[in-house]
Amino acid sequence: MDNLGMVFGLTGAAIAALFAGIGSAVGVGIAGQAAAGATSEKPDLFGKVLVLQLLPGTQGIYGLLIAFITLSRIGIMGGQAPTVGQGLLYLAACLPMGFVGLGSGIHQGKASVASINLVSKKEDQFGKAMIFPAMVETYAILALLISILSIFGIK
Amino acid sequence: MTVSGKQYIDAVTRIHIKENDLLSKEFLEQLVQAEDYDACLAMLAEKGWGCGGERDGQLVSRDVKDIIKSERDRAWDLMREVLHEDIRKLDIFLIPIDYHNLKAAIKETRLGHEYDDIYMDQGAFPAEMVREAVQKKEFDKLPERMAKVGEEALGVFLRTGDAQLCDTMIDKAAIEELVATADETDSTALKEYAELTAVSANIKTALRAYKTGKNQEFLENALAECKTLNKTALIKATLVGIDELVDYLSGTAYGDGGAEFDKSMSAFERWCDDLLITRMKVQKWNPFGIDPLAAYVLACENERKSVRIILSGKKNGLPAETIRERIRETYA
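Protein chains in written order, with this note's numbering: chain A, 1 to 155; chain B, 1 to 332.
Chain A on its own, in the form it takes in the complex (with noise of 0.2 Å):
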């Protein structure tokens, strides 16, 4: 099969893109919940919570981030075909945004339903209400600049 490289580079693209992506929407889903549930009863903490439940958002775009460059150089959206095993490392350098994306959408969600917890019972707790589902954010960072080197380094 010619397009064998092709094929396997397009998978990383699509795991990086859809794992990160479910990630994120499950992420945000959960904390939108919360987010609504405190707006119904305090109307003016919209604006913390909605920043809350946008966090676990990033993960969706650090996949898409993944899943463009790929595309950018595996002949689908510019560079040349790849070979299979080229195909194959691309594949290798997508995977772990997809899974880190994945896992830390969920758990960073997770953690800005507790935070919206937090804000909705004290207000002024807002700051730091922010910092710990930040800190699930250096996972998918650290994932995105291991598949962005990764793919980079591919020749």
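Hints are not guaranteed to be accurate.
Within a straight-line C-alpha distance of at most 20 Å, the following computed DMTMM-like cross-link-like pairs (lysine to aspartate or glutamate) qualify [what the hints assert, rightly or not]:
1) B:18 to A:137
2) A:122 to B:247
3) A:122 to A:44
4) B:263 to B:217
5) A:122 to B:21
6) A:121 to A:41
7) A:42 to B:176
8) A:42 to B:19
9) A:121 to B:176
10) B:18 to B:63
11) B:227 to B:176
12) B:18 to A:124
13) B:25 to B:10
14) A:42 to B:54
15) A:122 to B:26
16) A:121 to B:217
17) B:284 to B:186
18) B:25 to B:301
19) A:121 to B:121
20) B:236 to B:217
21) B:18 to A:2
22) B:284 to B:273
Please keep in mind that the hints were generated in silico from the structure rather than gathered at the bench.
Position chain B relative to chain A; hints supplied.
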């Protein structure tokens, strides 16, 4: 990895916000120190207590019973609003009311008179349904467990006229249903509630049995099984005496309770309520599941008990110290 089961995230967030409106220990102390009953009512009204939640609103009544009922209705209306059809998951808290109505219906049937004011109208099943089922002996209209004990207790009561035996049978069945219902859930808070209720009921029954000189057979029939107290050891200790009972409890998680029932039954009841609410406090920061909702229901119940004690105390002119020592631990 995914969020499995019902997490009640929006409901829990709403309830956590509502926790801020629960009466604090400091406020209860201010109530105790208030000049009189009217001053207490005015302070409660400022908080929206007894006014349907509206701050500085109009009190539904000046009567303690009505005020407490309105607060109970308000708490349950809120739970129904946040849980919708899943409110049935909190039916466990209504089991004691249903069984109370069963006892009332059995006594009414035996006496052949109707007494409307002995029923409680906030159970999982309408009081009228329980009354009708017992009066017409149509026990199949009741839930299975309740029907079984209801039929047996009515038979015993009609045959022997022993009201205490009848009450004991129903109380034990209520506790067993409570524990069984909690065991069917995966809720830590509900299991904790059921277990502590069973423990407290068993210790109180054991104490009363000791004081009235009941025998081993009575205790074996009256005490419910629970996980954290050994029924055989409890019976054995009760038959020997109070000191033996205190000694047995000191080897369990309820050692402190022994010192309390040495003071009085109401001190022990307060200790039980405080223990339960203290164990529930961990739910204040739990953002997921039915547990924080169950804890809130119990917190409201403890709050109502405290306010009832204070208002009744003020009405009867009890000294502040006497009132203070009966007030329950707050959840807020």
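Problem - Hint numbers contradicted by this structure - result: 1, 2, 4, 7, 9, 10, 13, 16, 19 and 21
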